[in-house]
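Peer 1: Let chain A serve as the given structure and place chains B, C and D on it in line with the hints.
There are 4 protein chains.
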Amino acid sequence: MASEVAAPAAQVSPAELTEYLDKIFPQMHAQGRAFFIDEILPGKAIVRLKAGDSHLRPGGTVSGPSLMGLADYAAYVVLMGNIGLHALAVTTNMNINFLRKAEAGDMIATCRILKGGKRLVVMDCEIVREGSDDLIAHATATYSIPPASFKG
Amino acid sequence: MASEVAAPAAQVSPAELTEYLDKIFPQMHAQGRAFFIDEILPGKAIVRLKAGDSHLRPGGTVSGPSLMGLADYAAYVVLMGNIGLHALAVTTNMNINFLRKAEAGDMIATCRILKGGKRLVVMDCEIVREGSDDLIAHATATYSIPPASFKG
Amino acid sequence: MASEVAAPAAQVSPAELTEYLDKIFPQMHAQGRAFFIDEILPGKAIVRLKAGDSHLRPGGTVSGPSLMGLADYAAYVVLMGNIGLHALAVTTNMNINFLRKAEAGDMIATCRILKGGKRLVVMDCEIVREGSDDLIAHATATYSIPPASFKG
Amino acid sequence: MASEVAAPAAQVSPAELTEYLDKIFPQMHAQGRAFFIDEILPGKAIVRLKAGDSHLRPGGTVSGPSLMGLADYAAYVVLMGNIGLHALAVTTNMNINFLRKAEAGDMIATCRILKGGKRLVVMDCEIVREGSDDLIAHATATYSIPPASFKG
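Protein sequences appear in the order of chains A, B, C and D. Taking our numbering, the leading residue of the first sequence gets 1, the next gets one more, and so forth. Taking our numbering, the leading residue of the second sequence gets 1, the next gets one more, and so forth. Taking our numbering, the leading residue of the third sequence gets 1, the next gets one more, and so forth. Taking our numbering, the leading residue of the fourth sequence gets 1, the next gets one more, and so forth.
Chain A on its own, in the form it takes in the complex (with noise of 0.2 Å):
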């Protein structure tokens, strides 16, 4: 099903759309850089919560606070690799399932661009455990970009 933004008007790459987010959300890694970018692509991004013990919950398993940054991260990326440098574009609603647990280690999240709107941008995350296919997470977020957003 083609759900893909028929024409990215601002791809970026993973190492520009990097740099650009550690110059203005350094929070990002004020414990350590444990999310990376791996890939932008029309419509979609692929991002990475290298999650270690900080990331635990009871039971040793990756806390669902853990699983709803990376995904809020994931929608932020893909919008601002797709669609443009919103930096003030902001999460309005995010509905996650927690699907199964998983141990620490490599999270991987698939984002991909629902609508596209200009006020609002539906996307939707999938998120494995590097290495399988089940799904850990599935999550829904919709994020808002204000009217006089600044670009960078």
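Since the hints were derived computationally from the structure, they do not count as laboratory data. Certain hints may be false.
Have a look at the derived ranges for each label pair, beta carbon to beta carbon [claimed, not checked]:
no., chain 1, residue 1, chain 2, residue 2, range
1, D, 32, C, 41, 39 to 47 Å
2, C, 38, D, 106, 32 to 40 Å
3, C, 54, B, 20, 17 to 25 Å
4, C, 50, A, 22, 54 to 62 Å
For lysine-lysine, the following BS3-like pairs were computed, each having C-alpha atoms within a straight-line distance of at most 30 Å [claimed, not checked]:
no., chain 1, residue 1, chain 2, residue 2
5, A, 101, A, 44
6, B, 50, C, 23
7, A, 44, A, 118
8, B, 118, B, 44
9, C, 23, B, 101
10, A, 23, D, 101
Owing to the predicted nature of the structure, the values given are computational and were not obtained by experimental measurement. C-beta atoms are modelled at their ideal positions from N, C-alpha and C, and glycine is treated no differently.
Peer 2: This is chains B, C and D only, laid out in the frame that chain A set:
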């Protein structure tokens, strides 16, 4: 991303499932038959709503509750078609994003199982208007299978 | 917790709003009148579904789509009753949790505005069966008001 | 609308629960203590996030993942404080609407149990900035209690 169910235990044909549902759930068609099962595949089902005047809202577009009804029915069908004839399975959560307006016509829901547990089954559904790839709506649904589910 | 709207700009009575909706949205009652507006209050509305046989699912309980339809209608009513007669306002997101089963009878939705912006209005709805305090369902809904909304 | 739990079976004090959580969930405070339990009431809990620089996103407002983490923690607290010390209870679904921006400061989550079942517990959380009644965010969360939950 492979999220299909590995070994569909109880796959039935669209005609068999339609006959079964007509028997246990005649209210579905109280206002005339509008919902049709197109295909039942491993971990997946395709269900159709022939949206007519009674499914429209002000502005002439297919109403939210009609699309929610389609997503809910498609989720029920993929569960029954793949996991077993759990007539008493009930929706515990549904989240739906309405992405584009659609005029009356055939709405096609493609619903797949994200996680098929013994108690909870999580699915997502993509809805398009026949002949277009643009997503009209995207839903995730969770069904709960009661412990002593009667299996027809 | 005060989340009411401070100054409802366009509050109308249940009778006025019912008359208006009958005109612009006659499909609501195509299968007989089942939805009724009980009260419109500041930032709040109470709407009733007289759930009969056609609203039941296997097992004899009120169906998910019937309750989603009630929540969606109640959200529309609280928006129209408080923010203005935006007939073309559309649902962009709904999330609903089904908490308890309910047999046929009067379902009462109490819906309040969590945030009434110019473009997006977010509401939540609690649904009980008349005479009981137990929640049957809880929903949150977001409506988008189109820029050039016709106001009847 | 009375949705409180009738007879909280296992209510504990904020100090007792804090001590217990410090033992089983030390990662919560790996970056310094930011989450505090203010009150545990029947069917309800009030939890505080002292949002500092590390919780901000571009634009200087409290980040979505910080608020999701607060809602998730508050839901865990109301469950543990009312239903029992189910350390291994896990989030299965969270839906959150971000309603207004908030600058750094104390975020207060009031979380109540909508349905406290033996297996699934559904809660909602309202988040405000201390001293204001305006909702910053509204979340619903579902926790699943594993069959053989260790109770500390």
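Peer 1: Now tell me, hint by hint, if it's right for this structure.
Peer 2: Taking the hints in turn, this is what the structure says about them:
A C-beta distance of roughly 44 Å is found between residue 32/D and residue 41/C, which places it inside the suggested range of 39 to 47 Å. Our hint of 32 to 40 Å for residue 38/C and residue 106/D holds, since their Cβ atoms are close to 38 Å apart. The beta-carbon spacing between residue 54/C and residue 20/B, approximately 20 Å, falls within the hinted interval of 17 to 25 Å. Our hint of 54 to 62 Å for residue 50/C and residue 22/A holds, since their Cβ atoms are close to 59 Å apart.
Between the alpha carbons of residue 101/A and residue 44/A the distance comes to roughly 25 Å, so the proposed pair stays at or under 30 Å and holds. Only pairs whose Cα atoms come within 30 Å are accepted, and residue 50/B paired with residue 23/C is accepted, the gap being roughly 25 Å. This hinted pair checks out: residue 44/A and residue 118/A have alpha carbons roughly 17 Å apart, not beyond 30 Å. At roughly 17 Å between alpha-carbon atoms, residue 118/B and residue 44/B fall within 30 Å of each other, so this suggested pair holds.
For a cut-off of 30 Å, the pair hint linking residue 23/C to residue 101/B stands: about 22 Å separates their Cα positions. A C-alpha spacing of about 22 Å is found between residue 23/A and residue 101/D, which places the hinted pair at or below 30 Å, so the restraint holds.
Checked against the numbered hints listed earlier, the structure breaks none of them; every hint is satisfied.
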